[in-house]
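The hints should help you fit chain B onto chain A, whose structure is shown.
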Amino acid sequence: MAVELLGGRLLAPTFGSSIYVWGAIITVFMLALSLGYLAGGRWSTHAPSVRRLGLILGAAAASLVPTLVLGNALLDRVAIAVPDPRFGSLLASATLFLVPTFFSGMVSPYAVRLLVRERATSGRHAGQLYFVSTFGSAAGTLLTSFYLVLLFEVDRILMFLIAISLVLASVAWLVRGDADASR
Amino acid sequence: MRAGERTRAALKASFVALLACAGCGTSASADGMKLVHAERSLYREVLIYERRGMRCMCFTRECRIGRQTCMDPDHPDRIVMNYPRMMLAALYANPEPRSVLIIGLGGGTLPRALQQLLPQARIDIVEIDPAVIRVAKTHFGFTETANVRAVEADGRVFVKRALREERRYDLIMLDAFDHEYIPEHLLTREFLAEVKSLLAPGGVLAANTFSSSRLYHHESVTYAAVFPEFYYLKKDNRVIIATNGPLPSQEVLRANSERFVEEYRRFGFDAAQMLALFRTTPDWNREARVLTDQYSPANLLNLR
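Chains as they are written, first to last, in my numbering: chain A, 1 to 183; chain B, 184 to 487.
Just chain A, with the same shape it has in the complex (with noise of 0.2 angstroms):
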């Protein structure tokens, strides 16, 4: 959610902010969140390891560095190539968010792979899980419009969450094996 914050921030100074930019953000993460729900579920059903979990943060995080890179350039080149502002907003952000929102979505029901040992509790530990990232996308959205966009730079948010993402995802792939819980 913080990044889809900031991803308005990002297009805003070439699409603008009509209420059509918003509209395409939002699109291109629920696509992306749902193709990566779908993605990740799959991926689970061979030989799921937390090590593997790390793998998709890690790669959710890594997509998005030709973000933060690249994104004023393939920006100005989206706007050129697609005159109407509706669609050239929706290519440009598919181009900036389409793959880490993607990689993002399939933590999800990856997660809930390793977190589940038996029917009966199943629910239960989904439960926990959508509470925890849906929580979190609230903190995340709440610090992001009201605190972090007075204090620091969209480019260093982007950065901070980068690392943090980074972070987890080497914890996961340093944990040891017998935290694997295929079975």
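Keep in mind the hints are simulated off the structure, nothing from the lab. Note that beta-carbon positions come from the ideal geometry of N, C-alpha and C, so glycine has one too. One or more of the hints may lead you astray.
Reference listing, derived: stretches of chain B covered by chain A, where coverage requires no fewer than 3 residues with Cβ under 8 angstroms from a Cβ of chain A [what the hints assert, rightly or not]:
{"no.": "1", "region": "337 to 343"}
{"no.": "2", "region": "367 to 377"}
{"no.": "3", "region": "470 to 479"}
Here are the in silico distance ranges between beta carbons for each label pair [said to hold, decoys possible]:
{"no.": "4", "chain 1": "B", "residue 1": "G385", "chain 2": "A", "residue 2": "M30", "range": "43 to 53 angstroms"}
{"no.": "5", "chain 1": "A", "residue 1": "N72", "chain 2": "B", "residue 2": "R317", "range": "42 to 52 angstroms"}
{"no.": "6", "chain 1": "A", "residue 1": "S170", "chain 2": "B", "residue 2": "T464", "range": "50 to 60 angstroms"}
{"no.": "7", "chain 1": "B", "residue 1": "A408", "chain 2": "A", "residue 2": "F160", "range": "17 to 27 angstroms"}
{"no.": "8", "chain 1": "A", "residue 1": "L151", "chain 2": "B", "residue 2": "S395", "range": "17 to 27 angstroms"}
To give an idea of the interface, some chain A residues facing chain B are shown, with a C-beta separation under 8 angstroms as derived from the structure [what the hints assert, rightly or not]:
{"no.": "9", "residue": "F15"}
{"no.": "10", "residue": "G16"}
{"no.": "11", "residue": "S18"}
{"no.": "12", "residue": "P85"}
{"no.": "13", "residue": "L150"}
{"no.": "14", "residue": "E153"}
{"no.": "15", "residue": "V154"}
Relative to the frame of chain A, chain B by itself:
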């Protein structure tokens, strides 16, 4: 969109009136403010209120967060608010612009005045909200002509496109406001640099801003980062007048102001009074952080 003067006291009064009137089920509140038209748009509700012979456009109920624009329907040529008067003082810096760009239509006060002052000039107006364009036409006497056209677009997107098409304007007026303030992406160093490049040599920029809140300092240093020197006029609002090239001297301004005495009198204000408002001495904190595309929490800064 366009913001008029801040009327905190009036807001408070109307809020109290609103409380007193809660549930009384009429569109006229205690101080006689009457809702004459409401139009939902993609962005907001555009509301027209009438009160004591004055018609105002607002984006919030009872005009709680300021008025966008006002006019006197019985004397539509009269300019009743201070900020458009100060904006028109930009003509003292360049009295004969042949092309004008206005970002933010509001009730069309500025284009209507400029149409009369400069019948030959080509005037482009950018307005993001189609409902505002409709209401300006139905309730504020705004009309499009061969020389005057209103384009429905985001101001920043329009400026970028105009730059790519290598268009130039002799006068650019920034007057885009939402219900709170100027949209953040129209308040950054990068945007002002784009606007400056869109000015013809010697072209003039006039920008309508507020003068309260700590955003004032940030906004001032942002303008100073792009325009090393500029004039500003301050009443309830602050209007910045900058040029693409050397700033005209006070003598030049005075000489030019004399050409508008008659017409401005007809508009209901005094040309010399506006001239007396021109200032250059900074009255802001020059250490404030410049607003950029990367750092633009303008509306948060405007809270305090």
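Quiz item: For the region 367 to 377 of chain B, do three or more residues have a beta carbon lying closer than 8 angstroms to a beta carbon of chain A?
Solution: holds (count 5)
Self-check item: chain B contact restraint on A:S18 - CB to CB distance below 8 angstroms
Solution: Holds - the Cβ of A:S18 comes within 8 angstroms of chain B, reaching about 5 angstroms at its closest.
Quiz item: Is 50 to 60 angstroms right for how far apart the beta carbons of A:S170 and B:T464 are?
Solution: 55 angstroms, holds
Quiz item: Within 17 to 27 angstroms or not, the Cβ separation of B:A408 and A:F160?
Solution: 26 angstroms, holds
Quiz prompt | Evaluation of the interface hint that places A:V154 against chain B, nearest CB under 8 angstroms | solution = Status holds, d = 5 angstroms.
Quiz item: Do the numbers back the hint for A:F15, that is, is its least Cβ distance to chain B under 8 angstroms?
Solution: The hint holds - A:F15 has a Cβ within 8 angstroms of chain B, the shortest such distance being about 6 angstroms.
Quiz item: For the region 337 to 343 of chain B, do three or more residues have a beta carbon lying closer than 8 angstroms to a beta carbon of chain A?
Solution: Contact hint for the region 337 to 343 of chain B vs chain A: holds, 5 residues under 8 angstroms.
Quiz prompt | 8 angstroms C-beta test of the region 470 to 479 of chain B against chain A, three or more residues | solution = holds (count 5)
Practice problem: Mind checking the hinted window 17 to 27 angstroms against the Cβ distance between A:L151 and B:S395? | Solution: 23 angstroms, holds
Practice problem: Please verify that hint: A:L150, Cβ, nearest Cβ of chain B, below 8 angstroms or not. | Solution: 5 angstroms, holds
Quiz item: Is it true that the C-beta distance of B:G385 to A:M30 lies inside 43 to 53 angstroms, as the hint says?
Solution: Check passed, 50 angstroms falls within 43 to 53 angstroms.
Quiz item: Taking the closest Cβ pair, is A:P85 under 8 angstroms from chain B?
Solution: 6 angstroms, holds
Of the numbered hints listed earlier, the single one contradicted by the structure is hint 5.
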